[in-house]
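Number of protein chains: 4
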Amino acid sequence: MAIEAGNETGGHRRIRLGMVGGGQGAFIGSVHRIAFRIDDQFELVAGALSSEPGRAKASAKELGIAADRAYGSFEEMARAEAARPDGIEAVSIVTPNHMHGPVAKAFLAAGIHVICDKPLTTTVTEAEELAALVQKTGKVFVVTHNYAGYPMIRQARAMVASGDLGEIRLVQAEYLQDWLTERLEATGQKQAAWRTDPARSGAGGCIGDIGTHAYHLACFVSGLQLDELLAQLSTFVPGRLLDDDVQILLRWKGGAKGMLWASQVAVGNENGLKLRVHGTKGGLEWAQSDPNYLWFTPYGQPKQLLTRAGAGALPEAGRVSRIPSGHPEGYLEGFATIYAEAARAIRAAAAGVEPDPAVIYPTVHDGLAGMKFIDAAVKSSAANGAWVRVG
Amino acid sequence: MAIEAGNETGGHRRIRLGMVGGGQGAFIGSVHRIAFRIDDQFELVAGALSSEPGRAKASAKELGIAADRAYGSFEEMARAEAARPDGIEAVSIVTPNHMHGPVAKAFLAAGIHVICDKPLTTTVTEAEELAALVQKTGKVFVVTHNYAGYPMIRQARAMVASGDLGEIRLVQAEYLQDWLTERLEATGQKQAAWRTDPARSGAGGCIGDIGTHAYHLACFVSGLQLDELLAQLSTFVPGRLLDDDVQILLRWKGGAKGMLWASQVAVGNENGLKLRVHGTKGGLEWAQSDPNYLWFTPYGQPKQLLTRAGAGALPEAGRVSRIPSGHPEGYLEGFATIYAEAARAIRAAAAGVEPDPAVIYPTVHDGLAGMKFIDAAVKSSAANGAWVRVG
Amino acid sequence: MAIEAGNETGGHRRIRLGMVGGGQGAFIGSVHRIAFRIDDQFELVAGALSSEPGRAKASAKELGIAADRAYGSFEEMARAEAARPDGIEAVSIVTPNHMHGPVAKAFLAAGIHVICDKPLTTTVTEAEELAALVQKTGKVFVVTHNYAGYPMIRQARAMVASGDLGEIRLVQAEYLQDWLTERLEATGQKQAAWRTDPARSGAGGCIGDIGTHAYHLACFVSGLQLDELLAQLSTFVPGRLLDDDVQILLRWKGGAKGMLWASQVAVGNENGLKLRVHGTKGGLEWAQSDPNYLWFTPYGQPKQLLTRAGAGALPEAGRVSRIPSGHPEGYLEGFATIYAEAARAIRAAAAGVEPDPAVIYPTVHDGLAGMKFIDAAVKSSAANGAWVRVG
Amino acid sequence: MAIEAGNETGGHRRIRLGMVGGGQGAFIGSVHRIAFRIDDQFELVAGALSSEPGRAKASAKELGIAADRAYGSFEEMARAEAARPDGIEAVSIVTPNHMHGPVAKAFLAAGIHVICDKPLTTTVTEAEELAALVQKTGKVFVVTHNYAGYPMIRQARAMVASGDLGEIRLVQAEYLQDWLTERLEATGQKQAAWRTDPARSGAGGCIGDIGTHAYHLACFVSGLQLDELLAQLSTFVPGRLLDDDVQILLRWKGGAKGMLWASQVAVGNENGLKLRVHGTKGGLEWAQSDPNYLWFTPYGQPKQLLTRAGAGALPEAGRVSRIPSGHPEGYLEGFATIYAEAARAIRAAAAGVEPDPAVIYPTVHDGLAGMKFIDAAVKSSAANGAWVRVG
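These protein sequence lines are chains A, B, C and D, in that order. For the first sequence, my numbering gives the first residue as 1, with consecutive numbering after it. For the second sequence, my numbering gives the first residue as 1, with consecutive numbering after it. For the third sequence, my numbering gives the first residue as 1, with consecutive numbering after it. For the fourth sequence, my numbering gives the first residue as 1, with consecutive numbering after it.
With the rest of the complex left out, here is chain A (with noise of 0.2 Å):
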């Protein structure tokens, strides 16, 4: 199997990009970093890193950004960078999710490329005019649902599609985590304390943050639409205003069923996701802590342990590895993978092409299905765990 990423720009030049969040003490700014300068397809050259000028000025310079392109504002980096010949083509947006919104319209308003963190927005309506503003500006709009960045979820979404699996019938999905099994946003831990903040988490608190990373997974992989859901939300460390544990009954489309379980008390769990697909003729496995494996059963058959960039590895695998089988890749390839991805499309868009069809990003469609997701939820719970259907 041809292993083709990490080829670098093959004498491209790199794409200007600029970044709003991500300054110090930020956590997501830092991988999406690392993320892009993987591939070396982008090279970051404006900011607006912090809602705190100072913090956001400091923070440009450690990060190598001119003094001048170090805005106080993200409304000053858009007007600003549009403005400039060499002006920014792309940028990041790696902010709470209450701010991916405005942001997002800004830099598409000013026609610069966006790629943005999960959730998409803190309401669907919100989501929805992103998704039309979108449509309008013909811009890409990349969605970092980075989990679809991993070789072996390629492949898994290859061997769907293909049939290896035959007719699905159930889609199972988790993502554990244990951080929040205390209130640590009471101790002013930043991360807490934004994640568990409606004002800037939104409705949802785990099943945003993680929740609708599983809800992505799940249908990347199946190729399956959701029909409606049944979920309970539960908060249970006392004083917390968000739900930090959310189970969820599914019904597909076409018939197939399935239950997703997203928290962060689940004691024992640092980022538990994991994905099962069973089907009339084979089932899948795959979980982020060994992503590198793939475990595959053909029905009546043993049980295979496929490996990124082994034998049985198929070319939507290979694409996006860098390196043999064997030597692990993790949660920052797969991270470079929507970078990569998303300099495929915006160079295809910047050269007025289609991209190539095996380029496959999380759009802001997919943004949108993952509010649509939360409000339902939401709604469900609400209700005492009523049937609501999806999109």
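Since the hints were derived computationally from the structure, they do not count as laboratory data. Just so we're clear, the structure is a prediction, and the values are computed from it rather than from any experiment. Hints are not guaranteed to be accurate.
As the list claims (entries may be wrong) - Below, a list of computed lysine-lysine pairs in the DSS-like style, where the Cα atoms sit at most 27 Å apart:
id	chain 1	residue 1	chain 2	residue 2
1	A	Lys-379	B	Lys-136
2	B	Lys-379	A	Lys-274
3	B	Lys-274	A	Lys-281
4	C	Lys-379	C	Lys-274
Once you have looked at the hints, place chains B, C and D on chain A.
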């Protein structure tokens, strides 16, 4: 840690045992016989091993049962054995589900202790009658929820009870198989045929056959009682008469939540019974595929791999262990422990004393709870997933 | 795949068995008794259970052995049982190593079949005498290299024999424990005391106790014979009289190579017996910690996880399996298979026929090979790691 | 535990880097480039990327290296860069083995820091010359024994150093592959061709390519120095010119023992690098296949699964971690850490100060030790397995 099980009778006379069901071609009868031989507490001396008299006789002969104690019907057996001075003291019932109740009643009425397979009966009413009869007769009644015999399950239960996990928030159980992925019952396969036949299985298919095991285990370990449930039962295989996949939301008394998934069409699973319990102070995870291990994470500390009879094993695990850690015990030893506990209870009853408080086995009340669980799940699913109070 | 084991005697009379050693406080005697009860082919009717007469009597009583067949010495037992019309047909020898030879000779001379623990004796000479006596008497002689009873080991052996791995290049074995990390023998612990005492163990400590198991397994699965070895035996614990760690380079006849590592001071290991075999066409990996699995990689294809009685399991595994795949069998069932095979061989001998060719058990020749292995390793190590020809 | 790596330059100017080797069709050059981009400490500005000038130019263009700094030979590059005011400060050497020495000497002589792939050279003599030159020039010299960059390897080293394992008794290492099971070099495959060619690889095949990695890791973690070894090198594939399997007995200074097994024909292994260390107080186990885990067993206590950046992770692991635990880091991040440490050392050298004592990287002395290891193993094997003193 002292290993205590497997020490034979210590000079005790073996308990005289009969068996109903379990003749040639049966599966579980042979398992019961190995199980009670392991610790040598019982002696099989009588049987009504098949509803077909010829097979009953032939099966008895193979097992070394004297011809005059190889009965053609369980009624005859109960009558005759009760009348013998050397009659059986206990009976094992290993028939299809619909016979559990009638057979159990006959032997209880004859003053004979009962060890009965699960699910207890095919209706809640019959289970309640049985529970009342046990109460009235004072006989020992053991339901072979055999997974409760695994040492690391005993360990888990003890750890929860002692507060090692703090207050329990989440109890998640699953039991996954794939042997009914296709319509095996249409081929005449005996095990599949009765399990998918409402007349012999009762109102539940997968939920009765394996869902009740998962449910019992969840209750056994957590010490919790279920308050209400919400179920979607599915029949994926066309033409099948009972559910082959079960997905249930759980609300435990006291506020814990959970999910239970049982499936017989989840390709890639053989007997994937798994339990996870998470509390305010710790988390546990156990899987039957590797039953000598129990994962324990004290919140904020490294995950520990506890092993049967290894460092950290509690007396509750040791008293049902037979060999040193690292030498795996399995399904049959766990099953044997149910019989060993039954023997202790029967000897205590014979002596007119209470058994040692350490003696634990699934009782008729656990069997009744299982029937209520099936009943509630079937009702909930029929109501398109309504919350139904249990018990 | 048909499961064939565990079907009881099929109406056969149970074989009358005696036991030497294995009284109160012993470990392995209890294991042997559970093992032979599992498949119900033997009936324990006589014993010389301890070298201390009082303990011998008390132990016999606990096991339900009639007082007149509870002997104070093995010589008396051999004599008396040989004289009885209902005398034992076979004897299990579960004493410390130095008694294996004398006891086995006495019973062989008395015309009684022998099931003997390993290592066979304490010297090669004595082992050779025993092999000659077996040859002369024509009695069945089984050495309890019990790991050869695991179904997936049978599977592995069959796969190698059928050429699934091509020409074998590498055979690597290890057996790791940590229970002798400190000087446990100084505390009076009985198991440690005799195992570290040259008078009772022979010239090898760790190498005899567990190294021979690893060696037998390597030979049993690979079908190869060892040509020469080079060993470094270590005694890490100050004051210990025998080796507690053994590292050996192996040269197999035909050109394969390998290493064997056995240790009783490798902290973190309970009974870590592991075998890896690699050929020109495939590779196998098996570990006792998860004995129901066998990893098989056909060269250039995905790794397969074969399971006992699961898809891909061969008849050689099925005939020694008792329960469906996914329900783990363990150490005791593997041990039981040695007894079940012994029973088949003894019945065939009684009938004056050859046993079914499928019947396989470790013989006196395997026991002798083990002694030559110990001897060569001790010599090699004493010569500072010289190559020593084996056998 | 604080995560410290991945924080970019903190405003530092990036170090100017050149590369020798690593042009089109090479594997490891691409790995090095991803590795140094991850933490953004270096900027690739010059290269002699291939021994074939045309390919060298084309490769440079693809990587965005200016045409006037795309050299046709390393000699020219060393000369020209040393003469530029903006010349490279460091060079990465990613050629086949036989060029490491000549290239390294040229750049050291030109006053340029060196980051060099392993094994260091093809002879001990050349390695000693290089070590002397490093000593004389005072330049930073980093050997990319990249596995030393894994956080849990840092953790293991720190635990051994702090006495968590007590006195070390056993150090066992293995590195298993199967990609040379057949005679791949005969197909013209570039990676196989030079690795099996004595002219380009040196006297060792498998032992140089991967055996030295395992050896370095064993030394790095245990803190021990090897006293003597005894090796059997094998060439299993007919026609191959170098060893493809290596089995070695180890005697460490101070009395510890061990074995090292490296193979390129062990079917079923991709890059199975594994290390086990056992002392009087504890044991450790680590495998590259799951590099974010470290198994630790304090003697007599439950086994712990330590995770990168998780509970129990030490500062030594945290300072080379980039993302939270549960999000796997992999091979590329470990490799990046070697570059990040190199950057710290180079910046310290530029500032004329000692680097922070926490900064650790494999030095020219480690490279020399690797050459002595190869040399001793080849000699030992040639002498039919004699003990050979190392170093």
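(request) With a cut-off of 27 Å on the C-alpha distance, tell me whether Lys-379(B) and Lys-274(A) pass. (result) violated (31 Å)
(message) Can you confirm whether the C-alpha distance between Lys-274(B) and Lys-281(A) stays at or below 27 Å?
(response) holds (24 Å)
(message) So if I understand the rule, the pair passes when the alpha-carbon distance is 27 Å or less; does Lys-379(C) with Lys-274(C) pass?
(response) holds (25 Å)
(message) Would the hint linking Lys-379(A) and Lys-136(B) be met if the CA-CA limit is 27 Å?
(response) violated (49 Å)
In summary, the structure is inconsistent with hints 1 and 2 from the numbered list given earlier, while agreeing with the others.
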